[in-house]
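Number of protein chains: 6
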Amino acid sequence: MSEKIRYAPPSASAAPRFSGIKTFMRLPHVQTTENIDFAVVGIPFDTGASYKSGARFGPTAIREASSLIRNFNMTFEVKNFEHLSGVDYGEVTVKPGFIHETYAEIEKGLQPLFDAGVVPICLGGDHSITLGELRAAAKKHGPVALVHFDSHLDTWDDYWGMKYTHGTPFRRACEEGLIDTKHSIQVGIRGSQYGPEDVQGSIDLGFEVITANELHRIGIAECIKRIQKRTGDAKVFLTFDIDFVDPSMAPGTGTIEIGGFTGYESLTLVQGLKDTNIIGMDLVEVLPVIDPAGMTAFMAASLVYEVISILAVQKRRN
Amino acid sequence: MSEKIRYAPPSASAAPRFSGIKTFMRLPHVQTTENIDFAVVGIPFDTGASYKSGARFGPTAIREASSLIRNFNMTFEVKNFEHLSGVDYGEVTVKPGFIHETYAEIEKGLQPLFDAGVVPICLGGDHSITLGELRAAAKKHGPVALVHFDSHLDTWDDYWGMKYTHGTPFRRACEEGLIDTKHSIQVGIRGSQYGPEDVQGSIDLGFEVITANELHRIGIAECIKRIQKRTGDAKVFLTFDIDFVDPSMAPGTGTIEIGGFTGYESLTLVQGLKDTNIIGMDLVEVLPVIDPAGMTAFMAASLVYEVISILAVQKRRN
Amino acid sequence: MSEKIRYAPPSASAAPRFSGIKTFMRLPHVQTTENIDFAVVGIPFDTGASYKSGARFGPTAIREASSLIRNFNMTFEVKNFEHLSGVDYGEVTVKPGFIHETYAEIEKGLQPLFDAGVVPICLGGDHSITLGELRAAAKKHGPVALVHFDSHLDTWDDYWGMKYTHGTPFRRACEEGLIDTKHSIQVGIRGSQYGPEDVQGSIDLGFEVITANELHRIGIAECIKRIQKRTGDAKVFLTFDIDFVDPSMAPGTGTIEIGGFTGYESLTLVQGLKDTNIIGMDLVEVLPVIDPAGMTAFMAASLVYEVISILAVQKRRN
Amino acid sequence: MSEKIRYAPPSASAAPRFSGIKTFMRLPHVQTTENIDFAVVGIPFDTGASYKSGARFGPTAIREASSLIRNFNMTFEVKNFEHLSGVDYGEVTVKPGFIHETYAEIEKGLQPLFDAGVVPICLGGDHSITLGELRAAAKKHGPVALVHFDSHLDTWDDYWGMKYTHGTPFRRACEEGLIDTKHSIQVGIRGSQYGPEDVQGSIDLGFEVITANELHRIGIAECIKRIQKRTGDAKVFLTFDIDFVDPSMAPGTGTIEIGGFTGYESLTLVQGLKDTNIIGMDLVEVLPVIDPAGMTAFMAASLVYEVISILAVQKRRN
Amino acid sequence: MSEKIRYAPPSASAAPRFSGIKTFMRLPHVQTTENIDFAVVGIPFDTGASYKSGARFGPTAIREASSLIRNFNMTFEVKNFEHLSGVDYGEVTVKPGFIHETYAEIEKGLQPLFDAGVVPICLGGDHSITLGELRAAAKKHGPVALVHFDSHLDTWDDYWGMKYTHGTPFRRACEEGLIDTKHSIQVGIRGSQYGPEDVQGSIDLGFEVITANELHRIGIAECIKRIQKRTGDAKVFLTFDIDFVDPSMAPGTGTIEIGGFTGYESLTLVQGLKDTNIIGMDLVEVLPVIDPAGMTAFMAASLVYEVISILAVQKRRN
Amino acid sequence: MSEKIRYAPPSASAAPRFSGIKTFMRLPHVQTTENIDFAVVGIPFDTGASYKSGARFGPTAIREASSLIRNFNMTFEVKNFEHLSGVDYGEVTVKPGFIHETYAEIEKGLQPLFDAGVVPICLGGDHSITLGELRAAAKKHGPVALVHFDSHLDTWDDYWGMKYTHGTPFRRACEEGLIDTKHSIQVGIRGSQYGPEDVQGSIDLGFEVITANELHRIGIAECIKRIQKRTGDAKVFLTFDIDFVDPSMAPGTGTIEIGGFTGYESLTLVQGLKDTNIIGMDLVEVLPVIDPAGMTAFMAASLVYEVISILAVQKRRN
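Protein chains in written order, with the numbering used here: chain A, 570 to 887; chain B, 570 to 887; chain C, 570 to 887; chain D, 570 to 887; chain E, 570 to 887; chain F, 570 to 887.
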């Protein structure tokens, strides 16, 4: 595709990065599925939140923060848009307060992207949105491998008797056959739990689970190997809950847990997916209203940027 | 009742007002309907919010702010708890993300209070909760007169096709026969609208409407007369959306509108209800997370305090 | 023009107002001068600031705040986009730190709009930008009448020996023959001054000056008459420094002054320009980083909205 | 004194107002009692606070905010430092947590100023500090007339059995014979009270009391006359608790009360003291840590500035 | 005690964790010493603060933050309330501004708990409160071993000549014979000092001191061994100053020091006390007013939670 | 010089550290070059900022934060002012918006200090100021070795065609022959880049570059050796951009990058310069307005403090 690359950020040498309408990395805002490798899609839905709400403003904040990001990735030594074309696709229609209607909209909004082989990069929103995304993904790809960074499992069966919340999407997804759990892994689990059945529940569903305690013990490099081994060649949907990152770096989220991972560790971990076949991703649970200096949103934008760079590296390679 | 008054705040001379578990005005937290005149009830539900969410933390913030309030009301020259008994009843169970299930809980939670002749003072939460409250009220009292302070009418038919949001409760309530609109009034309406049908829609439902423009023109004293005339002897449910107050005094709310009313004007207006037969009330739409110095929550607590004082004055009178 | 209206915000009933890429009032982001009546243009430049900086993020914050605004103006009883077509034009290129180079860019950026008879609505940025805007305006229209709401005169000769700052644009503009001072007026001046020569300096340049003290004395209605009389049929450039508004409503600005005007008074004053021939405007000096709950940005958006409504009313009339 | 004026702020045309070590209005920091008319003195003590603490950082915040203020007062048409000499005297030594030891330090710190006929302008700190100030004042001047702007009376007898707090200084001062209550007045009292004995208590001590309710009714101009009549030619100590001002303008204070007065009203009221014989003053209860955008501190600085201007006007007159 | 467990948090599956009156972990608020293993007690006193004040609101903030915590501890694999009974005891009466009177109240308030063999878990408040707690502890247990996590020694002799502040409690406690220093240890000391006599002073009193520099060098695991060896079977009072934790994780405290420990390290360290005989504890110096996103308060709640889990583990073991 | 030490902070035992006019470490504010070893100089200039502005308030915030720091450095076991004399010199005159005029002022302001052999410790301001400082340094010392901690290289050729910004000072300095690049080193570079030519550009200019990725790999101790080897006996100008530190510890800066270094690592690194011949330094890019709890400013003050201690250690040694 290199000869007809179409969509890229404007040059930072033309105008200050802080100027212009705020799209992700200042990409063109175009609703197309043609001639693009990826599309950034906002899903401003936070009805699934069990504690602090406000993730509906996540996409806007992540976009604003992302304007600081430049095109060349030092770690991978890649100029992303020499190899990639991508757009800010805008936002999926959501129905605040109505999760089923919103799931239908998410599915409808993302299907054309998956169908066209475009990688959707979804900005949440709370973690309940991933169920809608997985429905669209699975329709195209069948059950997908889930790489899930989070401090929570989100495989509970219900919250206060309610089956659809940001604490339950992956159990629902398993029930609906959307996840290939034997190639899936949950990383970073920590904090207090309801009971021993929490982690066991995920394992029973077929997930591999690496808790934060374990990750602190084995280290990032070993964890990357575990993920690589687990996912193999599977089609992977990456779901990153910003509360995986330690609250010292990412305080702006709804259900913080102590004992997470630094920004450096988190970036390194995502960089470790450079050979993974990522067919879609989301970054969820950024709450701008409690985000001092916009640091959480910038952390989120930086994580997304690493995934874009991985797509560029993979494209360059091919 | 003075001989058997049971529930009142502790003396402020015993311990600093900032100390102790945070109930409203440091009232005892007891779930009783006996020997009380009013009960403060938190309804921490914000799934109905169409813009900024976060009102689920409203009750906690209003309670904290209220600890600053003392027992004697200068305007009415009344020591509230010489005449009243009241409790902090705690909170109604809510189901975040699920409005119908929550309505059922609100109704179930408040019914015993209405049935016992206790005045529930509900702390929201977004404005969608009022529909649940009115269902309980009407079950006991039949259709009630609504005195509604707000910058918005909240009588829209739907939002994005959804019938149950914080912008629609009073249309739903009218449809359900819960409101005696001919004795009801909406005061303070301002800001941009969807169309001329907005205000007309309320009028068609039978409400009297005093817009902010009109209120600025006629003044607080005249407005009080209009409210008194409108409500007469009817059983009144008072619903106060904090965005009635000007954003300069109450920035901590989800859908601010320019051109509101000062704290003094707002208190004066509520004091004007001193002869009104208030059978229940709520104070909604406080968003603590965007409330600098807790000023909005304190405004809210102060408005509730005036209503409590009105109850005291009426009790003293009888 | 009603048969070929082209650009308007999306329906608020389709998707929540908080969703979507953040343009002003969610208008389409198109860089056209055709088939439009007005264009919102960001000028994110704050190098002219003499005290607190940060207005470079003003346009983004005002756009975000404006998404709350609906299409129908109650005061004028007008559905704006039944009569108007308008776009979010994006942003003028700025050169942070380099005022002359930026002036050239502002002039270049706005000229096509003025030339096409489109009303540019500029979002600052600090007040130094107005000089660039006036250069473009005067090129098309000759010297324009200035209606200037502000707590400061901005007609000083220099700051620390520097001739081009946000405290000097109107003296420079007079020197360059861009302003028809005999139809121009400065309203709201207050706060401490360098000396009596400050106000006298404006008067000597030919401006009428209404200080805040005088405005508090004569009232808004009388002030409107004075402005109408002063401007008559002249082509008016409206420049609104948000610090005209009282800090209680607009704390998010760089050089606040005590004793300003409420949101209601400010809106009313702008509404008083409904018969004025406005050929361009700006709204400057919003500093989002010190703007609790976004109240200042929303105040700014609401003032701009009134001007858009005036354009609609005038269009309807013709 | 004009021939030997010694201490004044640097010219604002030499360097930006935001630059330099932060003294009040950028006055020289000199501990002298010679050749000066007034001395600004910080008293960073907040051990007397009954609710929110943090006023110990008030002086620093007010100094920082004051750097925005210019030398010429428009209302009085006076260039302050053509007539006055003044310094930032620094701060009185305080002993956090130990009120009696601190009172001794305040007295010791201020005595030389009072003795030299210099007007001390004290920046608090909580309101408990005024007792120390009055002890020093009375030693020089005998009992002084108190002009007291506040939402609270601060004449309670004790708090939780403690006699020395920020709620009790004026009762203590009366008991110690420091106040000439028959020429003293308390203005702005509002909010909830402990009982009717609160206001009556002040009256019994000999104070005239104008509540906020009354002040809203009679207006600022009438209030000024009442103060003038009350104080006559007496030597006046002015004590201004920032919570007199409405929370919309002054949220950054420890015990806010709804229904206060605007910045314009507050400045006007202080300007009304232009013929009053002010021998000392303080401005207390600014809590920077809850002061969005520094608006409360700037309100405080502006009030102090008006008093300095009054001193200048009186000096010019003589 | 397992057969008659009485007090535990409500099920999180019944109602959202954010709802309800805010007690610690939503425990019942009961003032009993019977049938409980521990009691959470607020001591909202900050008069001892030498720098930033505000810790009086610490208990309220920690309680609010704690509502996020669930019952099962992953590290210890224990369901706390299957083994424990505990209450939120409310708050000790404090006399703001009066440290000796407050010490008397603390002692009076805690004595019944110590006497009943209940572990008091005190939420400060500044570090001066620990002296009062130790007085009560020693009355029951004799001199206790102190395990003290902090960036400061708090064994200075005086501050500005004052003997009772938050910088001096442990010297006073030693003088009063309340501490068994030969089994006591201070961990985490860092930042600038007054002189070499600071650390030497603690050593001279008999404490073992592990500075932050040393702790960074030896690591958490080795430190745990040192603590275990030091304390042995002694009755331990654990005092945790939140400024032990690095400011990146716990900025909301009054005297921050650079170079502290992560949340993970801090939790691990406390978990290392699982075999220690803890007879009481406090967690002090949380200042909510400067705590972005409530992260410091949540850190504090999480540390307390680990201690509760230790109590559960020890109970299970027996 | 020990026999005639003249300038040192007041004793912390005399008055609380939070009291007094806010100079750095409460040093005397004297503009002298005699009898001093170092002078702290504010340079409140932020016109060079390419993204978030606000560093003009950096010096004031760092001064305020520094009042918490005590005289004895535990790591070096040195009482700084037993060996050193130093002052807060105040601030260089700046011309906001005009970089060349400001450079002239910086040079003029610092020259006397360099000429007198005093070490200037400059508090920025944005990084553009360093060019002015280096001009003054080189005039006295010839080309200096640069030790540069930063996440950015700041050796770009231009920004939007502009040659003088905070992203270009070191290229300009090289062109002007101010830097001895063969003894210079840049440490901590990370984040997204414009291209591979960024790092290569620095290397081509002669700098050694240690990226953050490399530093994470080799560790702090090895990095210190590399710096020592690189600088040798050269005269070193130390320039520390606070964004070297991880955003979790230093969020208050204009262009944050993920993956930085902890406070402990940063302090340790600076301590590693204890044998370096530092002839001047600056600490830049602190933006107080986005600095929660003042943590970034305190980090900055603590880094400066380590350099002062190094000067003391070196003085003691001689």
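Derived by calculation from the structure, the hints in this document are not laboratory data.
Be aware that a few hints might be false.
[Unchecked claim] In silico DSS-like cross-links for lysine-lysine, where the CA-CA straight-line distance does not exceed 25 Å:
#	chain 1	residue 1	chain 2	residue 2
1	C	Lys-677	C	Lys-732
2	D	Lys-677	E	Lys-732
3	C	Lys-843	C	Lys-804
4	F	Lys-677	F	Lys-648
5	C	Lys-708	C	Lys-751
6	D	Lys-708	D	Lys-751
7	D	Lys-843	D	Lys-751
8	D	Lys-732	E	Lys-884
9	A	Lys-798	A	Lys-843
10	E	Lys-732	E	Lys-751
11	B	Lys-732	A	Lys-732
12	C	Lys-677	F	Lys-804
13	E	Lys-751	D	Lys-732
14	F	Lys-708	F	Lys-751
15	B	Lys-843	B	Lys-884
16	D	Lys-751	D	Lys-798
17	A	Lys-677	B	Lys-732
18	B	Lys-751	B	Lys-708
19	E	Lys-798	E	Lys-732
20	B	Lys-732	B	Lys-751
21	A	Lys-732	B	Lys-708
22	F	Lys-708	C	Lys-732
23	D	Lys-798	D	Lys-648
24	C	Lys-794	C	Lys-843
25	B	Lys-804	B	Lys-843
26	F	Lys-677	C	Lys-732
27	B	Lys-648	B	Lys-798
Hint check:
| no. | hint | verdict |
| --- | --- | --- |
| 1 | C:Lys-677 with C:Lys-732 | 22 Å, holds |
| 2 | D:Lys-677 with E:Lys-732 | 22 Å, holds |
| 3 | C:Lys-843 with C:Lys-804 | 13 Å, holds |
| 4 | F:Lys-677 with F:Lys-648 | 32 Å, violated |
| 5 | C:Lys-708 with C:Lys-751 | 19 Å, holds |
| 6 | D:Lys-708 with D:Lys-751 | 19 Å, holds |
| 7 | D:Lys-843 with D:Lys-751 | 20 Å, holds |
| 8 | D:Lys-732 with E:Lys-884 | 47 Å, violated |
| 9 | A:Lys-798 with A:Lys-843 | 13 Å, holds |
| 10 | E:Lys-732 with E:Lys-751 | 24 Å, holds |
| 11 | B:Lys-732 with A:Lys-732 | 22 Å, holds |
| 12 | C:Lys-677 with F:Lys-804 | 48 Å, violated |
| 13 | E:Lys-751 with D:Lys-732 | 42 Å, violated |
| 14 | F:Lys-708 with F:Lys-751 | 19 Å, holds |
| 15 | B:Lys-843 with B:Lys-884 | 11 Å, holds |
| 16 | D:Lys-751 with D:Lys-798 | 11 Å, holds |
| 17 | A:Lys-677 with B:Lys-732 | 22 Å, holds |
| 18 | B:Lys-751 with B:Lys-708 | 19 Å, holds |
| 19 | E:Lys-798 with E:Lys-732 | 32 Å, violated |
| 20 | B:Lys-732 with B:Lys-751 | 24 Å, holds |
| 21 | A:Lys-732 with B:Lys-708 | 31 Å, violated |
| 22 | F:Lys-708 with C:Lys-732 | 31 Å, violated |
| 23 | D:Lys-798 with D:Lys-648 | 28 Å, violated |
| 24 | C:Lys-794 with C:Lys-843 | 12 Å, holds |
| 25 | B:Lys-804 with B:Lys-843 | 13 Å, holds |
| 26 | F:Lys-677 with C:Lys-732 | 22 Å, holds |
| 27 | B:Lys-648 with B:Lys-798 | 28 Å, violated |
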